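A.B. asks: Heads up: the protein sequence lines correspond to chains Z and A, in order.
Okay, so the first sequence: first residue is 1 according to the working numbering, each after it adds one.
Okay, so the second sequence: first residue is 1001 according to the working numbering, each after it adds one.
Among these hints, one or two may not hold up.
[Said to hold, decoys possible] Just the calculated beta-carbon pair ranges, DEER-fashion:
#, chain 1, residue 1, chain 2, residue 2, range
1, Z, Q45, A, G1052, 25 to 31 Å
2, A, G1052, Z, T51, 24 to 30 Å
3, A, A1080, Z, E63, 41 to 47 Å
4, Z, G29, A, F1069, 45 to 51 Å
5, A, P1062, Z, G41, 28 to 34 Å
6, Z, E8, A, A1080, 29 to 35 Å
7, Z, D54, A, N1071, 40 to 46 Å
[Claimed, not checked] Covered stretches of chain Z, going by a simulated chain A footprint (3 or more residues, C-beta under 8 Å):
#, stretch
8, 45 to 57
9, 72 to 80
Rather than coming from a laboratory, the hints here were simulated on the basis of the structure.
Computed from a predicted model, the values in this text were never measured in an experiment.
For each residue, glycine too, the CB sits at the ideal point set by N, CA and C.
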Amino acid sequence: GNSVTQMEGPVTLSEEAFLTINCTYTATGYPSLFWYVQYPGEGLQLLLKATKADDKGSNKGFEATYRKETTSFHLEKGSVQVSDSAVYFCANRASGGYNKLIFGAGTRLAVHP
Amino acid sequence: EAGVTQSPTHLIKTRGQQATLRCSPISGHTSVYWYQQALGLGLQFLLWYDEGEERNRGNFPPRFSGRQFPNYSSELNVNALELEDSALYLCASSGGLAGGQFNEQFFGPGTRLTVL
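Next up, chain Z with everything else stripped away, as it sits in the complex:
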């Protein structure tokens, strides 16, 4: 079945530092891949997505590229802000028409001024 593995946190960075959060997946077929963000006390928000190999999703300065050869979808941002502090979840959408999302364990990011 599908699964997602992402790097454990917490990740602690200074403002304007470069961010990478690693995510790898296993899947049958060609899943869609997602990054969701959960700010303190809130639900999940879709940050970006990619639906096929070599697609790059981007939003709010965050980027991730769907790498089929390495089964990866690493999240990057060139210059983080304090407001980016949150928990980030990598997910894939199960194949077979069931539309359920399979999430990684989440990575907590803390950005300090």
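Position chain A against the provided structure of chain Z, taking the given hints into account.
C.D. replies: Coordinates of chain A only, in the frame set by chain Z:
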């Protein structure tokens, strides 16, 4: 446009009791999903409803059940509560199967269930 809403925000129950959680999807969405976010276990898929039918179920015991009403809102029922059911329960909605494609899931703020 109103987002996905869930009620109650917090729910405290004791072992053996039943809990009922409610979700209202975004207007126009016919699919509703339930996920459990338990400490140390991450986010796990529970149930998917579309057009009033249960379409898929995660690896949870039968005491986790739900339904979807004609207005597409949904209830999640957890019977015979156990301590390990304590978690944040997230509901999401999306366009449904009738649209011919699987759409983005929009999440609500969740219901925090505490079992004592």
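A.B. asks: For each hint, tell me whether it holds in the structure or not.
C.D. replies: Going down the list of hints, with the structure as the test:
Take Q45 (chain Z) and G1052 (chain A): their Cβ atoms lie about 27 Å apart, and the range 25 to 31 Å holds. At roughly 28 Å, the beta carbons of G1052 (chain A) and T51 (chain Z) sit within the given window of 24 to 30 Å. The hint said 41 to 47 Å for the Cβ distance between A1080 (chain A) and E63 (chain Z), and at roughly 46 Å that hint holds. For G29 (chain Z) and F1069 (chain A), the hinted distance range of 45 to 51 Å is not satisfied, since their beta carbons lie about 33 Å from each other.
Evaluation of the 28 to 34 Å hint for P1062 (chain A) and G41 (chain Z) yields a pass: the beta carbon distance comes to about 32 Å. Distance hint check for E8 (chain Z) and A1080 (chain A): the Cβ-Cβ separation is about 33 Å, which falls inside the suggested range of 29 to 35 Å. Taking 40 to 46 Å as the suggested C-beta distance range, the pair D54 (chain Z) and N1071 (chain A) conforms, at roughly 41 Å. Counting residues of the stretch 45 to 57 of chain Z whose C-beta sits closer than 8 Å to any C-beta of chain A gives 3, which meets the bar of three, so the coverage hint holds.
Taking a C-beta to C-beta cut-off of 8 Å, the stretch 72 to 80 of chain Z contributes 0 residues in contact with chain A, too few for the three needed, and the coverage statement is violated.
Hints 4 and 9, counting from the list given before, are not met by this structure.
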